[in-house]
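Asks: Numbers given in the working numbering equal positions in the sequence shown, counted from 1, plus 69.
These are computed hints drawn from the structure, not numbers from a lab. All C-beta atoms in this analysis are idealised placements derived from N, C-alpha and C, irrespective of residue type, glycine included. Wrong hints could be hidden among the right ones.
[To be verified] Here are the computed lysine to any residue pairs in the SDA-like style, where the Cα-Cα straight-line distance is at most 20 angstroms:
(1) Lys-326 <-> Glu-358
(2) Lys-458 <-> Leu-428
(3) Lys-182 <-> Phe-108
(4) Lys-138 <-> Phe-108
(5) Lys-452 <-> Gly-429
[Stated by the list, open to error] Derived CB-CB ranges, DEER-like:
(6) Ile-219 <-> Gly-499: 22 to 28 angstroms
(7) Ser-329 <-> Glu-243: 16 to 22 angstroms
(8) Lys-112 <-> Glu-243: 51 to 57 angstroms
(9) Asp-167 <-> Val-89: 41 to 47 angstroms
(10) Ser-329 <-> Ile-219: 46 to 52 angstroms
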Amino acid sequence: MGLREPCLVSPKACSVLFPVLGRAGKGEELLVLFKNLPFEQNKLFRDVRVYNSVITGLLFCGRFDDAWKVFELMETSNVQPDHVTSSIMITIMRMRGDSAKEAWEFFEMMNKKGVKWSLEAVGALIKSFCDEGLKKEALIIQSELEKRGISSNAVIYNTIMDAYSKSNQVEEAEGLFAEMKAKGIAPTAATYNTLMDAYSRRMQPEIVEKLLEEMEGAGLEPNVRSYTCLISAYGRQKKMSDMAADAFLRMKKVDIKPSSHSYTALIHAYSLDGWHEKAYIAFENMLREGIKPSIETYTALLDAFRRAGDTETLMKIWKKMMRDKVKGTHVTFNILLDGFAKQGQYIEARDVICEFGKLGFPSTVLTYNMLMNAYARGGQESKLPQLLKEMAALNLKPDSVTYSTMIYAYLRVRDFKRAFFYHKQMVRSGQVPDAKSYQKMRAILDVKAKIKNRKDKSALMGIIESSMGLMKQKKKGKKDEFWKNRKKRSRFPGSAHQS
70 MGLREPCLVS PKACSVLFPV LGRAGKGEEL LVLFKNLPFE QNKLFRDVRV YNSVITGLLF
130 CGRFDDAWKV FELMETSNVQ PDHVTSSIMI TIMRMRGDSA KEAWEFFEMM NKKGVKWSLE
190 AVGALIKSFC DEGLKKEALI IQSELEKRGI SSNAVIYNTI MDAYSKSNQV EEAEGLFAEM
250 KAKGIAPTAA TYNTLMDAYS RRMQPEIVEK LLEEMEGAGL EPNVRSYTCL ISAYGRQKKM
310 SDMAADAFLR MKKVDIKPSS HSYTALIHAY SLDGWHEKAY IAFENMLREG IKPSIETYTA
370 LLDAFRRAGD TETLMKIWKK MMRDKVKGTH VTFNILLDGF AKQGQYIEAR DVICEFGKLG
430 FPSTVLTYNM LMNAYARGGQ ESKLPQLLKE MAALNLKPDS VTYSTMIYAY LRVRDFKRAF
490 FYHKQMVRSG QVPDAKSYQK MRAILDVKAK IKNRKDKSAL MGIIESSMGL MKQKKKGKKD
550 EFWKNRKKRS RFPGSAHQS
């Protein structure tokens, strides 16, 4: 290219070229070009804008350490950083996992170097704080910015509003929305989308509809995210899949191309309403339109067929997911396991455990609880002790759900000896269920008590009540009136059912 010939390259051209190379993932080529710039022949290349463009390009292609080296090179080359440099470097720090405190220390260091407060740098700093959930601190920084005579812009408000919305503090987000409008700062499409997303998660589609109208009234065009919020708001509720589908069609009618998130929201709506066939049609339409399904899409679709008990299609979707190299999550794992296990397909359920184990998803107590529930419902209660041994081998501690599942399984087949045995284990391990579940279990034991030795039952109830804190302090020498009355009534058949 003859990069050493100044006539063929200029600082302005570099400022445009480097970010483009970064976006294209050409980090290596970018660095080669930068190192070969004629810094000695042409002092104009020692411009902060050239360095900023290099750092920006490296940010775009994820080469954060190289970006940091270029920043350090600025100091050795006597190039004074500016507010744009500060903004880019704080963004890099956030993206590589540095804390908000470290970002603040860097910001202060830049101030000492003569870099003044600016919207760009403070906006990047506020984003770092908001990502860590430090919303109050972000508001303090915003306040300090305005004390210096610099008004906040929509980007800063959007960032803080988004943080409050994600924390389900919608009222605070609404307060900021009102504040920015009162200051004459025009909300953007991102502002409305932030609020719509918050109300979507709260399952309040009527408010999302109003925000959509207000957005259009303000001269802003709703985008794919806006409509996805509406689809999701309807789709999160049962018996609202028709409304979700209507919102989806409204989006297509105004020539907005659906995204993977849009289809996922629609598939989830159908899944919740038990329309697994419609969910699959939506999935096929998505593929036909060339939209790549995400793991969330696959998870929603798998859940639809898990609910329908269609293990054949469940397996088909799972195989396609593996062919497409889409890595599952814990939620995907649990859906597949539950889907196969509940239909008595224990071998397939074990295959799921094996495959996800290879992907770094080890079995948990929840995994074994689902397996136990499936075996118990399928009349395979004899397998439960073996599952308990497997849990012990994996250092998994059974919880109250584990024990309750086993107890009910043995009560169903009238194996009261084993039911009482695991009941004792449950109480001794301190894994007593909640009060409501305990009362239900106790009622069953009361009915079955005449079949089991009364002394064992009395001792067991004493242990359970003591552990639950339900036993009242008895006066010494006085007989427990409950058991006294039970003894008298038990002479008459059917007395256990009398009130």
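Asks: So, for every hint listed, does it hold in this structure?
Replies: Now the hints, each set against the structure:
Note on Lys-326 and Glu-358: the hinted pairing holds, with a Cα-Cα distance of about 9 angstroms set against a maximum of 20 angstroms. Using a Cα cut-off of 20 angstroms, the hinted pair Lys-458 and Leu-428 is violated, with the two alpha carbons roughly 24 angstroms apart. At most 20 angstroms may separate the alpha-carbon atoms for a hinted pair to count; Lys-182 and Phe-108 exceed this at roughly 23 angstroms. Our distance criterion of 20 angstroms between C-alpha atoms is met by Lys-138 and Phe-108, whose separation comes to about 17 angstroms.
A hinted pair counts as satisfied when its Cα atoms are at most 20 angstroms apart, and Lys-452 with Gly-429 does not qualify at roughly 26 angstroms. At about 58 angstroms, the CB distance of Ile-219 to Gly-499 disagrees with the hint of 22 to 28 angstroms. Ser-329 and Glu-243 have their C-beta atoms about 29 angstroms apart, which leaves the hinted 16 to 22 angstroms range violated. The hinted window of 51 to 57 angstroms between Lys-112 and Glu-243 holds, with their beta carbons roughly 53 angstroms apart.
Range check, Asp-167 to Val-89: about 27 angstroms between beta-carbon atoms, so the 41 to 47 angstroms window is missed. Checked against the given bound of 46 to 52 angstroms, the beta carbons of Ser-329 and Ile-219, roughly 38 angstroms apart, lie outside it.
Violated hints for the displayed structure, listed by number in ascending order: 2, 3, 5, 6, 7, 9 and 10.
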